[in-house]
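Undergrad: The chain contents come next:
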Amino acid sequence: MLEHIIQGFVNSFIPFNFLLIIAGLTGGIIIGALPGLTATMGVALMVPITFAMNPISGLVMLGAIYSGAIYGGSNSAILINTPGTPSSVATTFDGWPMTQKGDAEGALNASLLASAFGGVIGTLFLLFLAAPMAQLALKFGAPEFFWLCIFGLSTIAAMSQGNVVKGLISGALGMTISTIGLDPLEGLPRFTFGSYSLVQGIEVIPAMIGLFSFSQVIILVGSKKKFIAAYKGKKGATLRTAKILWKKTKANLLRSSVIGSFVGILPGAGGEIASIISYNEAKRWDDNKCNFGKGAIEGVVASESANNATIGGSLIPMLTLGIPGSAVAAVIMGALLAHGIQPGFKIFINNADLAYTFIVSLIVVNIAMVFVGSVLIKGTAKVLNVPTSYIGVAIVALSIIGSYAIRNSMVDVMVMIFFGLVGYFGGRIGFDTGAMALGIILGPIVEDNLSRSISLAGAEGSVFKVFFTHPISLLLIILTLVSVLTPMFLSKYRCKKEAGAND
Amino acid sequence: MTKRKADLLAGLVSILVAIVFMVQGFELSERSNALPFVLEVFLFVSGLYLLIRGIRTNAAEKGEEGESELDWVKSTVIVLATFVYVACVIYIGFYVSTFVYLILGSWYLNERGFTLPALIVSAIFSIGVSAVLYLTFTVFLLVPTPAGLLF
Numbered sequence: 001m002l003e004h005i006i007q008g009f010v011n012s013f014i015p016f017n018f019l020l021i022i023a024g025l026t027g028g029i030i031i032g033a034l035p036g037l038t039a040t041m042g043v044a045l046m047v048p049i050t051f052a053m054n055p056i057s058g059l060v061m062l063g064a065i066y067s068g069a070i071y072g073g074s075n076s077a078i079l080i081n082t083p084g085t086p087s088s089v090a091t092t093f094d095g096w097p098m099t100q101k102g103d104a105e106g107a108l109n110a111s112l113l114a115s116a117f118g119g120v121i122g123t124l125f126l127l128f129l130a131a132p133m134a135q136l137a138l139k140f141g142a143p144e145f146f147w148l149c150i151f152g153l154s155t156i157a158a159m160s161q162g163n164v165v166k167g168l169i170s171g172a173l174g175m176t177i178s179t180i181g182l183d184p185l186e187g188l189p190r191f192t193f194g195s196y197s198l199v200q201g202i203e204v205i206p207a208m209i210g211l212f213s214f215s216q217v218i219i220l221v222g223s224k225k226k227f228i229a230a231y232k233g234k235k236g237a238t239l240r241t242a243k244i245l246w247k248k249t250k251a252n253l254l255r256s257s258v259i260g261s262f263v264g265i266l267p268g269a270g271g272e273i274a275s276i277i278s279y280n281e282a283k284r285w286d287d288n289k290c291n292f293g294k295g296a297i298e299g300v301v302a303s304e305s306a307n308n309a310t311i312g313g314s315l316i317p318m319l320t321l322g323i324p325g326s327a328v329a330a331v332i333m334g335a336l337l338a339h340g341i342q343p344g345f346k347i348f349i350n351n352a353d354l355a356y357t358f359i360v361s362l363i364v365v366n367i368a369m370v371f372v373g374s375v376l377i378k379g380t381a382k383v384l385n386v387p388t389s390y391i392g393v394a395i396v397a398l399s400i401i402g403s404y405a406i407r408n409s410m411v412d413v414m415v416m417i418f419f420g421l422v423g424y425f426g427g428r429i430g431f432d433t434g435a436m437a438l439g440i441i442l443g444p445i446v447e448d449n450l451s452r453s454i455s456l457a458g459a460e461g462s463v464f465k466v467f468f469t470h471p472i473s474l475l476l477i478i479l480t481l482v483s484v485l486t487p488m489f490l491s492k493y494r495c496k497k498e499a500g501a502n503d
Numbered sequence: 001m002t003k004r005k006a007d008l009l010a011g012l013v014s015i016l017v018a019i020v021f022m023v024q025g026f027e028l029s030e031r032s033n034a035l036p037f038v039l040e041v042f043l044f045v046s047g048l049y050l051l052i053r054g055i056r057t058n059a060a061e062k063g064e065e066g067e068s069e070l071d072w073v074k075s076t077v078i079v080l081a082t083f084v085y086v087a088c089v090i091y092i093g094f095y096v097s098t099f100v101y102l103i104l105g106s107w108y109l110n111e112r113g114f115t116l117p118a119l120i121v122s123a124i125f126s127i128g129v130s131a132v133l134y135l136t137f138t139v140f141l142l143v144p145t146p147a148g149l150l151f
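Protein chains in written order, with the numbering used here: chain A, 1 to 503; chain B, 1 to 151.
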C-alpha cells in the first residue's frame with residue numbers, strides 16, 4: 001500500500017497533473033462561488049474533456065473541481081449572504097455576520113483553511129478506513145436516515161434560542177413547502193394549487209438564493225450604507241487566521257471533519273446535512289454559545305470543514321462498493337466507467353495506480369487549495385469595495401441567472417423572487433430564514449425515509465421495532481434529545497444565574 | 001415592529017398556511033398526506049400559540065428584530081423593477097434585459113442622483129457585468145440563458 005501511496009504523490013506532482021489540479025481548483029472555486037452552479041454541474045461539464053486524457057489525469061482534475069466547488073460556495077455565503085452551494089447554508093449563519101462586522105477576510109480565510117483541513121481528513125478516511133466505513137454505511141437503512149435528518153433538524157432549536165417557536169414554525173414552513181410537487185409514495189401531484197409548473201416541486205437552490213440573497217438585496221438597496229461592509233485587505237491574513245484556528249478551534253475542526261467524513265459515506269446525505277450537524281455540535285460544545293449566529297469564527301470552521309470532509313467520505317462507497325455517496329461521486333463514477341474502469345474493491349488491485357493516485361491527489365488538491373484560495377480571496381473580497389448601489393442590482397442579475405441555470409426554467413426565477421419576499425417579510429416578523437432553508441433541504445429526505453420506514457414497518461409488523469430498536473437509530477434519538485434539551489436547560493440555568501446575580 | 005404585532009402577524013401567517021395546505025390536502029390519500037398533515041397541525045397549533053402570546057403581550061414592548069432605518073421607496077422601486085426585469089427576460093432575453101436593468105437600477109440608486117456622469121458610470125458598470133456574465137455562463141460554462149426576441 002505504501003508504495004502505491006508514494007507513487008500516487010509522484011503522479012500528482014507530474015507537471016501536467018499538477019497544472020490540472022490548479023486549473024481544476026480555480027474553475028471549481030469560481031463555479032462554487034456562483035449561486036446556482038453546483039459542484040455536480042462543474043464536474044459533469046468537465047467529464048467529456050477527460051476522455052482526451054489518460055484516466056489518472058482526468059480523475060485528478062475532477063477531484064480538484066469537486067473540492068474547489070464545495071469550498072467556493074462559502075465565498076458568496078460570506079460576502080453576499082448567498083450560499084453558492086446548498087452545503088454552504090450553515091456558513092452564512094456566522095460568515096455573513098463576520099462580514100458585516102468588517103471581518104470578511106477572517107471569515108474567508110477561516111473557511112479556506114477549514115475546508116482544506118476537512119478535505120484532508122476526509123481523504124485520510126478514504127485512504128485508510130474505506131473498508132470498515134463502507135460496511136458501516138451499509139448498516140444505514142431508511143429508519144437510520146430518518147433519525148439522522150431529525151437530528152439535523154434539531155439544529156433549529158439550537159439556532160433559534162430566544163425565539164424557538166418562530167424558529168420551529170420556520171422549519172415547519174420550509175418542510176411544508178418541500179412537500180409541493182410529486183408525492184414520493186404514489187407519484188401523484190400534491191399541493192400544486194392547479195399549477196402544472198409546480199408538479200416538479202420547489203427546487204432547493206432558487207429557494208435558497210431567494211431566502212438569503214434577494215431578501216438581502218431589498219435591505220441593502222434601502223439601507224443608508226454605502227458599502228456592504230468595511231474592507232481593507234491586510235497582509236498575512238491567512239497565516240494569522242491559521243494561528244487563530246490552531247489556538248481556538250482544534251477540537252472543532254477535528255470533530256466537524258470526522259462528522260463530515262462519516263456523513264459523506266451515507267448515500268443521499270451530503271455536505272448540507274454534514275455542515276448543519278457539525279454547526280450544531282460546534283455550538284453545543286463551545287463555551288461561548290451566545291456568539292454563534294453573531295459572527296463566531298467557530299461556526300464558519302464547523303460548517304466548512306464538514307462539507308469538504310464529505311468529499312472523501314462520499315467517494316468511499318463509490319470506490320469500494322460501486323455505490324456513489326453523492327451526485328458528484330455518481331458523475332465521477334460515470335467517468336470511471338466511460339474509461340472502462342469498474343469501481344468496487346477490485347479497483348484497489350486491478351487499477352491500484354489509478355485508485356491511489358486519485359485518492360492521494362485529493363490531499364495534494366487540498367493543500368494546493370490553500371494557496372490558490374488565498375490568491376482568489378484577495379480578488380473576491382474586493383466585492384465589498386463596490387458601492388451597494390451597484391452590488392445590489394448585480395446580485396439580482398446573478399440570482400436570476402443562477403436560479404434559471406438549475407433547470408433552465410423561468411419558474412425557478414419566480415420561485416427565487418417569491419422566496420426573496422418571504423425571506424424579507426418573514427424576517428420582519430421574526431421568522432428564521434436559516435431554519436426555513438433547513439426545512440426545505442431536509443424535508444424531502446425526511447419524507448422519503450419516513451415513508452420507506454413505514455413500508456418496512458408494515459412488512460415487519462411493528463413500527464416500534466423499525467424506528468426504535470436499531471442501535472444506530474437509538475444513538476441518533478439520544479443525540480437528538482440531547483441536542484434539543486441542552487439549549488433549553490442551559491437557557492434556564494442562565495436565567496437562574498442572571499436572576500441570582502440581580503438579587 | 002413591536003413584539004406584539006410581530007407575534008400576531010407570524011401567528012396569522014402560520015395558521016393561514018396551515019389552512020391553505022389542509023384544504024389542498026383533502027383530495028390526497030391518507031398515505032400521501034401523512035407528513036404534510038402533521039406539519040399542518042403543528043403550524044396551526046404553533047400559530048395559535050403565537051396569536052395568544054401576541055394578544056397577551058404589552059402593546060408597547062419592542063421586538064427583537066428592531067427595525068433599522070430603511071428607505072422604503074428605494075427598496076420598493078427595486079423590487080418592482082425586478083418584476084419588470086423578469087418579465088423582460090422572458091420576452092426580450094437575458095442579456096439585453098440585464099444590461100438595461102443594471103444601468104437604470106444602479107443609476108437610480110446612485111448617490112449622485114440622475115446626473116450624466118452617474119449614468120456614464122452605470123453604463124460602464126452594466127457593460128462590464130453583462131460581459132462577465134456572458135463570458136462565464138455562455139462562453140466558458142456553456143450554460144443556457146433565457147433567450148427572448150433579442151439577444
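Accuracy of the hints is not assured; some may be wrong.
What the hints assert, rightly or not - The calculated lysine-lysine pairs, modelled on DSSO-like cross-linking and capped at a C-alpha distance of 27 Å, are:
id, chain 1, residue 1, chain 2, residue 2
1, B, 5, A, 226
2, B, 74, A, 234
3, B, 5, A, 382
4, A, 294, B, 3
5, B, 74, A, 289
6, B, 5, A, 248
7, A, 243, B, 3
8, B, 5, A, 294
9, B, 74, A, 226
As the list claims (entries may be wrong) - Facing chain A, according to a computed beta carbon distance under 8 Å, are these residues of chain B, among others:
id, residue
10, 2
11, 21
12, 35
13, 37
14, 39
15, 48
16, 52
17, 74
18, 92
19, 94
20, 100
21, 102
22, 141
23, 146
Keep in mind the hints are simulated off the structure, nothing from the lab. Source: prediction; values computed, not measured. Note that the Cβ used here is the ideal one computed from N, Cα and C, for glycine as well.
Undergrad: If a hint holds in the structure, say so; if it does not, say that too.
TA: Structure-based check of all given hints:
Our distance criterion of 27 Å between C-alpha atoms is broken by residue 5 of chain B and residue 226 of chain A, whose separation comes to about 31 Å. Using a Cα cut-off of 27 Å, the hinted pair residue 74 of chain B and residue 234 of chain A is violated, with the two alpha carbons roughly 34 Å apart. Simply put, residue 5 of chain B and residue 382 of chain A have alpha-carbon atoms about 40 Å apart, too far for the 27 Å limit, and the pair is violated. For the suggested pair residue 294 of chain A and residue 3 of chain B, the alpha carbons sit about 21 Å apart, so the restraint of at most 27 Å is met.
A distance of roughly 37 Å separates the Cα atoms of residue 74 of chain B and residue 289 of chain A; the hinted pair therefore is violated under the 27 Å criterion. A hinted pair counts as satisfied when its Cα atoms are at most 27 Å apart, and residue 5 of chain B with residue 248 of chain A does not qualify at roughly 41 Å. As the CA atoms of residue 243 of chain A and residue 3 of chain B are separated by approximately 42 Å, the hinted pair breaks the 27 Å bound. With a CA separation close to 25 Å, the supplied pair residue 5 of chain B and residue 294 of chain A stays within the 27 Å bound.
As the CA atoms of residue 74 of chain B and residue 226 of chain A are separated by approximately 14 Å, the hinted pair is consistent with the 27 Å bound. For the restraint placing residue 2 of chain B at the interface with chain A, the shortest Cβ-Cβ distance is roughly 11 Å, beyond the 8 Å limit, so the hint is violated. A cut of 8 Å between beta carbons decides the hint on residue 21 of chain B: the least distance to chain A is about 6 Å, and the hint holds. Of the supplied interface hints, the one on residue 35 of chain B holds, with its beta-carbon coming within about 5 Å of a beta-carbon of chain A, less than 8 Å.
The criterion of a C-beta within 8 Å of any C-beta in chain A is not met by residue 37 of chain B, whose closest approach is roughly 10 Å, and the hint is violated. Checking residue 39 of chain B against chain A by beta carbon gives a least distance of about 5 Å; that is within 8 Å, so the hint holds. The interface hint given for residue 48 of chain B is violated, since its Cβ lies 11 Å from the closest Cβ of chain A, which is over the 8 Å cut-off. Hint on residue 52 of chain B is violated. Least Cβ distance to chain A is approximately 11 Å, over the 8 Å limit.
Residue-level restraint check for residue 74 of chain B holds (minimum Cβ-Cβ distance to chain A is 5 Å; threshold 8 Å). Hint status for residue 92 of chain B: violated, given a least beta-carbon distance of 13 Å to chain A, over 8 Å. At about 7 Å, the closest approach between the beta carbon of residue 94 of chain B and any beta carbon in chain A falls short of 8 Å, and the interface hint on this residue holds. Restraint check, residue 100 of chain B versus chain A: the minimum CB separation of about 11 Å is more than 8 Å; hint violated.
Evaluation of the residue 102 of chain B hint against chain A yields a held restraint, the C-beta minimum of about 5 Å falling below 8 Å. Look at residue 141 of chain B: its Cβ gets to within about 6 Å of chain A, closer than 8 Å, so that hint holds up. Contact between residue 146 of chain B and chain A, as hinted, is supported at the beta carbon level, the nearest pair being about 6 Å apart and thus within 8 Å.
Comparing the model with each numbered hint stated earlier shows that hints 1, 2, 3, 5, 6, 7, 10, 13, 15, 16, 18 and 20 do not hold.
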